[in-house]
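Q: Given next are the chains, with one letter for each unit.
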Amino acid sequence: RKEVEQDPGPFNVPEGATVAFNCTYSNSASQSFFWYRQDCRKEPKLLMSVYSSGNEDGRFTAQLNRASQYISLLIRDSKLSDSATYLCVVNVADRGSTLGRLYFGRGTQLTVWP
Amino acid sequence: EAGVAQSPRYKIIEKRQSVAFWCNPISGHATLYWYQQILGQGPKLLIQFQNNGVVDDSQLPKDRFSAERLKGVDSTLKIQPAKLEDSAVYLCASSIGLMFREKLFFGSGTQLSVL
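So the protein sequences, as listed, match chains A and B. The first sequence: position 49 = 49 (this note's numbering), numbered continuously. In this note's numbering, each residue's number is its place in the second sequence (first place is 1) plus 1000.
Warning: the hint list may mix true and false statements.
Stated by the list, open to error - Chain A residues, not near chain B, derived (Cβ > 10 Å throughout):
| hint | residue |
| --- | --- |
| 1 | S52 |
| 2 | R59 |
| 3 | F60 |
| 4 | R106 |
| 5 | G107 |
Said to hold, decoys possible - Here are the computed distance ranges between Cβ atoms for each label pair:
| hint | chain 1 | residue 1 | chain 2 | residue 2 | range |
| --- | --- | --- | --- | --- | --- |
| 6 | A | R66 | B | P1081 | 43 to 51 Å |
| 7 | B | I1038 | A | D7 | 24 to 32 Å |
| 8 | B | V1054 | A | P114 | 15 to 23 Å |
| 9 | A | G58 | B | G1097 | 37 to 45 Å |
| 10 | A | N27 | B | L1084 | 40 to 48 Å |
| 11 | B | W1022 | A | N27 | 31 to 39 Å |
| 12 | A | D7 | B | S1007 | 34 to 42 Å |
| 13 | B | D1063 | A | L74 | 16 to 24 Å |
| 14 | B | S1007 | A | T18 | 40 to 48 Å |
| 15 | B | L1039 | A | L46 | 16 to 24 Å |
| 16 | B | P1081 | A | A29 | 31 to 39 Å |
| 17 | B | P1081 | A | S52 | 42 to 50 Å |
Since the hints were derived computationally from the structure, they do not count as laboratory data. Everything numeric in this text was worked out from a predicted model, so none of it was measured. Glycine residues also receive a C-beta, built at the ideal position from the N, C-alpha and C atoms.
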């Protein structure tokens, strides 16, 4: 079983729409969570960290549900520039150690059309 | 601030040949990572360095892949001999340190095609 599972999409939405992505993780020892954004043929870039209480950054809201082991990303008022692949990332720490390994999902592709 | 530098940008080789990739992380970043991203998949960690020491190479196919970071700064990743399934983008990343919630800075990657 993969550490991180994501629906690959693609999601095709009009400008101004609200879109949500979910991802699930398999390891209950997962310690920290992130969403990265990857534009076509570019490198991944950190979009936002995901905190237990949920967090918001402008039009983007991230939620974490530890009991169900899933993470979500909500994008409100979609812009053309939001078109990209969104990667769900989970940091799994070794027991008793601060070392961790990041596991990336395969990404969810979003296309926002005019 | 200069980002993570990688070279070459593209490489095409035949199977069984050797190839090497180079990475220079952001100045002052102690932790350096090599990831492999196959088309349609997320990046997969190959090896992680803290300064010049290896902290995680459990997913590195050691029969053909090797990596070093001798002076704790730049790093090279080598594949010898290459296989068709090694076709991927090889991403180098760096971070300030190993602690949780570290922000990874990725280079532009090297796209490898093995024919």
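Q: Measuring Cβ to Cβ, find out whether G107/A lies farther than 10 Å from everything in chain B.
A: 6 Å, violated
Q: Please check whether D7/A and S1007/B have a Cβ separation lying inside 34 to 42 Å.
A: Since the Cβ atoms of D7/A and S1007/B sit about 35 Å apart, the hinted range of 34 to 42 Å holds.
Q: Take a look at whether the Cβ-Cβ distance between L1039/B and L46/A falls inside 16 to 24 Å.
A: Holds - the Cβ-Cβ distance for L1039/B and L46/A, about 22 Å, lies within 16 to 24 Å.
Q: Is it the case that R106/A keeps its Cβ farther than 10 Å from each residue Cβ in chain B?
A: 5 Å, violated
Q: Given the hint of 24 to 32 Å, is the C-beta distance from I1038/B to D7/A inside that range or not?
A: 19 Å, violated
Q: Indicate whether the distance between the beta carbons of G58/A and G1097/B respects the range 37 to 45 Å.
A: 28 Å, violated
Q: Tell me if the beta carbons of N27/A and L1084/B are separated by a distance inside 40 to 48 Å.
A: Violated, since N27/A and L1084/B (Cβ atoms, about 31 Å apart) do not stay within the stated range.
Q: Are all C-beta atoms of chain B more than 10 Å from that of R59/A?
A: 20 Å, holds
Q: Indicate whether the distance between the beta carbons of V1054/B and P114/A respects the range 15 to 23 Å.
A: Given about 49 Å between the Cβ atoms, the range is violated.
Q: CB of W1022/B to CB of N27/A, is that within 31 to 39 Å?
A: 33 Å, holds
Q: State, for the Cβ atoms of S1007/B and T18/A, whether the hinted interval 40 to 48 Å holds or is violated.
A: 41 Å, holds
Q: Just double-check S52/A for me: nearest Cβ-Cβ distance to chain B has to come out over 10 Å.
A: 12 Å, holds
Of the numbered hints listed earlier, those contradicted by the structure are 4, 5, 7, 8, 9, 10, 13.
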